[in-house]
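Colleague: Protein sequence lines, in the order shown, are assigned to chains A and B. The first sequence begins at 1 in my numbering and counts up by one. The second sequence begins at 540 in my numbering and counts up by one.
These are computed hints drawn from the structure, not numbers from a lab. A couple of the hints might just be wrong.
Said to hold, decoys possible - Which bits of chain B does chain A cover? Going by a derived footprint, with three or more residues having C-beta under 8 angstroms, they are:
1) 551 to 562
2) 705 to 713
3) 737 to 746
4) 765 to 779
5) 801 to 808
What the hints assert, rightly or not - Okay, the calculated bits of chain B under chain A, using three or more residues with CB under 8 angstroms as the criterion:
6) 672 to 678
7) 755 to 761
Glycine is no exception: its CB is placed at the ideal position from the N, C-alpha and C atoms.
Letter by letter, the chains look like this.
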Amino acid sequence: MSIKEGEFVLVAGASGSGKSSLARVLSGLIPDFYGGRFGGKVYFQEKEMRAIDRRKLARQVGMVFQDPEKQLVMNGVEAEIAFGLENLGLPQKEMFRRVAEVISFLGLTELRQEFTANLSGGQKQKLVLAAVLAMQPRVLVLDEPTSQLDPVAAEDFFNLVKRLNEEMGFTIILIEQRLERCFHLADRVVIMEGGRVVQDGAPDQAARWAAGSGLSLIPPVARFFSVLGFASLPVTVKEGRRQLGQLLSGRPLSGGPDLRKAPASSSAGQTPLLEVKNLWFTYPNGREALQDINLKVSAGEFVAILGENGSGKSTLLKNMVGLLQPGRGRVLIKGSDMSKNRGWHPGRLVAYLSQNPNDYLFQDTVEDELLFTMKNFGMEDDGIVDGLLKELQIGRHRRVNPRDLSSGERQRVALASVLVTRPELLVLDEPTRGLDYRLKAGLGSFLAGRAAAGAGVVLVTHDVEFAAEYASRVVMMFAGRIVSEGTRHETLGQSVFYSTQIGKLCRGLCDGILTFDEAVERIGPLLSGITVARAGTLK
Amino acid sequence: MLDKLFYKEKGLFLQSLHPLAALTYLGTLLVLALAFTNPLYLLGILLVVALAIRAADGLEAWESYLKIALFMMVLVMIINPLVVHAGKTVIWQGPHIPVFGRLTVSLEAICYGAAMSVRLLDIISVFCLYNLIVHPDKALNLFSRFAGKSVLVISLATRMFPAMVREMENIRSVQQMRGVDFRKGSAKEKVGKYSSLVNILLLSSLEDSLEIAESMQARAFGSGPRTCYSRNLWRPRDTLFLSGSACALGAGIWGLLHGFGSYTFYPQLDYLISGPGTVALLLIVLFSLSIPVLIGWGCGRWHYLKSKI
Chain A
1 MSIKEGEFVL
11 VAGASGSGKS
21 SLARVLSGLI
31 PDFYGGRFGG
41 KVYFQEKEMR
51 AIDRRKLARQ
61 VGMVFQDPEK
71 QLVMNGVEAE
81 IAFGLENLGL
91 PQKEMFRRVA
101 EVISFLGLTE
111 LRQEFTANLS
121 GGQKQKLVLA
131 AVLAMQPRVL
141 VLDEPTSQLD
151 PVAAEDFFNL
161 VKRLNEEMGF
171 TIILIEQRLE
181 RCFHLADRVV
191 IMEGGRVVQD
201 GAPDQAARWA
211 AGSGLSLIPP
221 VARFFSVLGF
231 ASLPVTVKEG
241 RRQLGQLLSG
251 RPLSGGPDLR
261 KAPASSSAGQ
271 TPLLEVKNLW
281 FTYPNGREAL
291 QDINLKVSAG
301 EFVAILGENG
311 SGKSTLLKNM
321 VGLLQPGRGR
331 VLIKGSDMSK
341 NRGWHPGRLV
351 AYLSQNPNDY
361 LFQDTVEDEL
371 LFTMKNFGME
381 DDGIVDGLLK
391 ELQIGRHRRV
401 NPRDLSSGER
411 QRVALASVLV
421 TRPELLVLDE
431 PTRGLDYRLK
441 AGLGSFLAGR
451 AAAGAGVVLV
461 THDVEFAAEY
471 ASRVVMMFAG
481 RIVSEGTRHE
491 TLGQSVFYST
501 QIGKLCRGLC
511 DGILTFDEAV
521 ERIGPLLSGI
531 TVARAGTLK
Chain B
540 MLDKLFYKEK
550 GLFLQSLHPL
560 AALTYLGTLL
570 VLALAFTNPL
580 YLLGILLVVA
590 LAIRAADGLE
600 AWESYLKIAL
610 FMMVLVMIIN
620 PLVVHAGKTV
630 IWQGPHIPVF
640 GRLTVSLEAI
650 CYGAAMSVRL
660 LDIISVFCLY
670 NLIVHPDKAL
680 NLFSRFAGKS
690 VLVISLATRM
700 FPAMVREMEN
710 IRSVQQMRGV
720 DFRKGSAKEK
730 VGKYSSLVNI
740 LLLSSLEDSL
750 EIAESMQARA
760 FGSGPRTCYS
770 RNLWRPRDTL
780 FLSGSACALG
790 AGIWGLLHGF
800 GSYTFYPQLD
810 YLISGPGTVA
820 LLLIVLFSLS
830 IPVLIGWGCG
840 RWHYLKSKI
């Protein structure tokens, strides 16, 4: 492949398809940093990349990685930006100028004196970008730069990248999984599979190809139109709405908004699995993280908690599982108060999956991880280990060290290690972070399966599409309070900003639609005369 | 809760010092606190440091340091008289105890313990002041010219420390939910539980370190000789404070060589003030040391002074 100057190339593909390796090849880290066997050559401006001096290369190609936490070296913001410049051996005067330029361009002036540890995730990633930009590269390679950020910070970051490309003429190579946010920014989309480039072309061309080959790699809007058999595929909500508006004009909308009613709570008379009553929580530093929370979760329910960073979602989860004790109010699990029952351990009844699966893994094999939890609770293996490993598709890694697995597999090992106790309530903190669409779908259907089997599932996520697809109930939090609660249609359907791409597409044109399947089912028949492919064929 | 112990940028006068001037000042305070034995001198230094802490808006932070310091002071004051039998003025005699011998408490030992605990307080307060007025990056920056790599390692370590504390907390929660009860079990079992916490932390840190190395490599680390970015400015005030520190240090050393500033506790207490020289020297030292406080106070009042210095 070749990339022209000033191009914005988006590289998409499933986990393990070789995207990140490609990025490292383009920035010269492979083979010089990693080693390994290799063949073929990479040229930068007609010069072989390996022959270019590292210093010169670093001034041409800059790279931003996934996790900002693992890229920062210095304590202060300014020192961090200057770090690369010091490495290049630039004179003082030149460093002053560049640091000043970058700080004002990225609007970091207020944070100039701040400690890096005090910044938010989005600010940290912006700082990483600043540190790379200060070296004045001409090519920017971004390896899933927003995978650890919340949607607002991610949007911010992409806007910045777009400006760099359009106003400053940077050549951008962006590796991404959240395609709905960046598909339209790119001039060219490269799709990878199993270490090969399988498609390379303009975004709409890529969208058509991906739709044709059955990959859900493309944004939901494009996928929707491709399923309905359209030749030109819109990649943004704006284009999609125009197209849909034209199509629907004059056609009757069947039935109007169909706010699907939640199934009448079957457990109306019974005690709910989890009940949070007037819960208040204050951190020792005086921050009131939770204010008057009331929430019930029944067996068989799948509840998604949405909300921006710092709104108290994780604190609520920790209160639910007994890791934090409420300041006021009560948390009841199957009717019994956890805080009063000190001898009783919630771990048997409640499984908790934290944000970072690495916090779980320390045994020599995957199997030992599961047995460790069982041993702690004095349980015998009655075949549940086999069952879980099989169900989570990690059976073939049974005797492998969990640290040798990919991040998606690690997460499933961590999940298995808390599910061995056959808990009735599953509590997960941002399990969708950093997962690609395929793994996300796998996780979603696994959890939905658990809920269908009678467990209660509560999870925190930033991923609205995920919540709309799998959750039966959605809770929205803001500044320590629940601001909205109800079925996904009641909450997400009414929100303008916290809505799915399909929801935004159909708003006002055909209300009450949130997910891809619903859209195909409801709108498909309206567009008579157009070949309608069934959604099922593309799942 | 811990954040009040760390440096915070507040744009204060004392925070605007060049790190060389600030570190020399703090170093002088530390050396003098260790060198003087005269309780008056030690109290004088404590007064100066307290004023400086107040000027650095750090009374609240100082309080947390004081809590630890007071505990240690009490300990020193109790233990010293019990184990040291050098004093002549015995005020209490206790029973015979195997290892220590006969318990005797002398006035001299009590006074020595008190003086030493003031010295301890001096030293702890100087560290408190350091945390209040010196930005760690600026201090490291000063040394990075001649010890670049060591400074980078220190910087990475200080950056990692709070992150690791947070990580440790998460791992502990996770282990708790997996049925590990940290309150129960024998000492040996507890060690086992905690060592697996550390084990997880180390495994994760090791993995993370590779990513940090990669990011450093991508930013041309180790590609050749480095330069050093420094935004520290040298103002007239730094010259003034540096000379103040030098003056205090010089006077202190001269005084110690000529018998001022030191004090004999054993076998019998000396006079606190052995002549006008003791007072004169004390005043000189205290004045030189309090220049930053005085100037800082003046700058707060008169804009003219601030613009000139």
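Colleague: Does the structure break any of the earlier hints, and which numbers would those be?
Modeller: Failing hints, ascending: 1, 5.
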